[in-house]
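Please construct the entire structure, taking both the sequences and the accompanying hints into account.
If you're matching them up, the sequences are chains Z and U in order.
The first sequence: position 105 = 105 (our numbering), numbered continuously.
One gets our numbering by counting positions in the second sequence from 1 and adding 1000 to each.
The reader is advised that the hints may include incorrect statements.
FRET-style restraints, in silico, Cβ to Cβ [unchecked claim]: (1) U:A1025 to Z:T15: 34 to 44 Å; (2) Z:A100 to U:G1098: 13 to 23 Å; (3) U:H1075 to Z:T6: 43 to 53 Å; (4) Z:G75 to U:D1112: 34 to 44 Å; (5) U:V1063 to Z:G29: 37 to 47 Å; (6) Z:T2 to U:T1048: 36 to 46 Å.
Covered stretches of chain Z, going by a simulated chain U footprint (3 or more residues, C-beta under 8 Å) [claimed, not checked]: (7) 17-31; (8) 42-50; (9) 65-77.
To give an idea of the interface, some chain U residues facing chain Z are shown, with a C-beta separation under 10 Å as derived from the structure [what the hints assert, rightly or not]: (10) R1062; (11) E1064; (12) L1068; (13) W1158.
By construction, these hints were calculated from the structure, which means they are not laboratory data.
In this text the structure is predicted, and so the values were computed from the model without any measurement.
Just so it is clear, CB atoms sit at the ideal spot from N, CA and C, and this is done for glycine as well.
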Amino acid sequence: MTLVLTGTAASAGTTHGPARPIHGPDDFGRFQSGDVLVCRTTDPAWTPLFGMASAVITETGGTLSHAAIVAREFGIPAVLGVRDALVLLADGQPVAVDGARGTVTLMDAP
Amino acid sequence: MNLLTLHAVRLLGFADTAAVAERFAQDPGEVESQLIDAGVNGLVLRSTFAGEGGWSLSSLGRVENERLLADELDHAGAWSTVLAVHDDFAEFNTGVVGACSAIQLQPSAHSDAVDVLIGALAAWRPLETRLAELLPRFAGYSERLLRAIKLAVEDPAWFTATDRDSFHRVWFEVHEDLIATLGIQRGP
Chain Z
1 MTLVLTGTAA SAGTTHGPAR PIHGPDDFGR FQSGDVLVCR TTDPAWTPLF GMASAVITET
61 GGTLSHAAIV AREFGIPAVL GVRDALVLLA DGQPVAVDGA RGTVTLMDAP
Chain U
1001 MNLLTLHAVR LLGFADTAAV AERFAQDPGE VESQLIDAGV NGLVLRSTFA GEGGWSLSSL
1061 GRVENERLLA DELDHAGAWS TVLAVHDDFA EFNTGVVGAC SAIQLQPSAH SDAVDVLIGA
1121 LAAWRPLETR LAELLPRFAG YSERLLRAIK LAVEDPAWFT ATDRDSFHRV WFEVHEDLIA
1181 TLGIQRGP
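Okay, structure coming up:
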C-alpha cells in the first residue's frame, strides 16, 4: 500500500527525489543538489537550499508564507504544513512531490 | 562577539564577508577577522552553495545572537516598543505575503497587489521610526522597500526575486529582525 502525506499545495510542479530532513543550519552541509528539503519552517538562512532542492516540504506554513514565495521564485514544487513530516520521512526516503495537489508519496526504495 | 556582525549574518541568512560588512556599514577588514574568530568559536559556518562561498549562523551562533539582542533590548528599554511593533507588523504581514503571492500567480491582479505593498510600506515607515529611536540599527528598511517598489515598475522581478534586494526579500528580513530581536519562534 502506498503512503501519501498531504499538506497545502503552495508551489506547483511535480518531481521526485530523496527526502532530506534538515533540522537546522548545522545540517546544511548534508544537503545535496536534487534532494527534497524537509524541515519545520524556514528563515532567510534557508534560501540557498531552495536553489539546490528539487522540492520543499515543511511542517508549518501554507500558501501565504515566505517559504511558498521563495519556492515559487525557484520554480520548485512545495507542499507546506505537512504534519510530522520530519518524523515520517526518513533520511534518503524516495518521495514523489506534487506541489499542485499538495501530496507527498512515499515510494519504494530503488 | 560584535552584535552587529553576528546579527548581519542572521538577517542576510547566507552572505559573503563584504555583504556582512556592508549591512551595518562596518569595516570589511574588521568584520572578516570577527567572522574568522566566530568560526573558530563555532558561532558561524562557512559553506558553499552553487559555487558561492558565504557565512551562516550555526545553532550555537543563533543562541549567542539572541543573547546579545536580549542584552541590547534590556539596555535600550525597548521590549514593549518592539513587541507592539511586531504585533502591528504581523497584522499587515498577511496582506503583504498574499500580495506577493498574487503577483507571482495572477499577473492580472498586479495593480491591486501593488497597492497593498505601497500601503504596507506606508504603515511600516512610522513603525521603523519608533524602533530606530531606541534601536538605530532598525533604520533603513523603508528606503530599501521604496527602492524595490520603484524598480519593480520597470521590472516586476523586484517584487519577489531572491537574487536581489526585492520587496519580499527586504520584508522577510524585517520579519526575521523582529522575531530575532524578541527571541521568539517564527509562526506558521
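Hint-by-hint comparison with the structure:
no. : hint                          : result
1   : U:A1025 to Z:T15: 34 to 44 Å  : 42 Å, holds
2   : Z:A100 to U:G1098: 13 to 23 Å : 19 Å, holds
3   : U:H1075 to Z:T6: 43 to 53 Å   : 47 Å, holds
4   : Z:G75 to U:D1112: 34 to 44 Å  : 24 Å, violated
5   : U:V1063 to Z:G29: 37 to 47 Å  : 19 Å, violated
6   : Z:T2 to U:T1048: 36 to 46 Å   : 37 Å, holds
7   : 17-31                         : holds (count 5)
8   : 42-50                         : holds (count 8)
9   : 65-77                         : holds (count 8)
10  : R1062                         : 7 Å, holds
11  : E1064                         : 13 Å, violated
12  : L1068                         : 17 Å, violated
13  : W1158                         : 12 Å, violated
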